[in-house]
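Under our numbering, the residues of the sequence shown are numbered 50 to 139, in order.
FYI, nobody ran anything at the bench for these hints, they're computed from the structure.
Source: prediction; values computed, not measured.
C-beta: ideal position from N, C-alpha, C; glycine also.
Have a look at the derived ranges for each label pair, beta carbon to beta carbon:
#: 1; residue 1: L98; residue 2: K139; range: 21 to 27 Å
#: 2; residue 1: A69; residue 2: I113; range: 53 to 59 Å
#: 3; residue 1: I130; residue 2: K80; range: 17 to 23 Å
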Amino acid sequence: MPESKKRDKVVRRRKAQARAAQRESHANLPKQSPSWWAPVMVAFAVIGLIVVVAAYVTGGQYPIPNAGNWNVGLGVFLMLIGFGMTMGWK
50 MPESKKRDKV VRRRKAQARA AQRESHANLP KQSPSWWAPV MVAFAVIGLI
100 VVVAAYVTGG QYPIPNAGNW NVGLGVFLML IGFGMTMGWK
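Please work from the sequences and hints to get the whole structure.
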């Protein structure tokens with residue numbers, strides 16, 4: 050027996066439901082950081098640590114000569130950048 054013609058309203062509603070379900074399935078995907086994020090984050094933290102240790106060992110003369118204790122500040126700043134990047138890591 051032939052099937053009766055569906056009402057246009059029903060067809061549009063079903064298509065809209067299918068599109069909404071598809072959008073919802075894409076929205077539930079976990080967002081990930083780029084592949085370079087973690088190595089750069091760790092590099093900032095480690096380089097900052099190296100700068101701080103070098104500044105203490107050389108009495109503030111390394112890595113920037115005549116900068117004094119600002120070398121420690123530079124190292125702490127680099128570490129803060131690295132640790133700040135952990136907030137964006139997914």
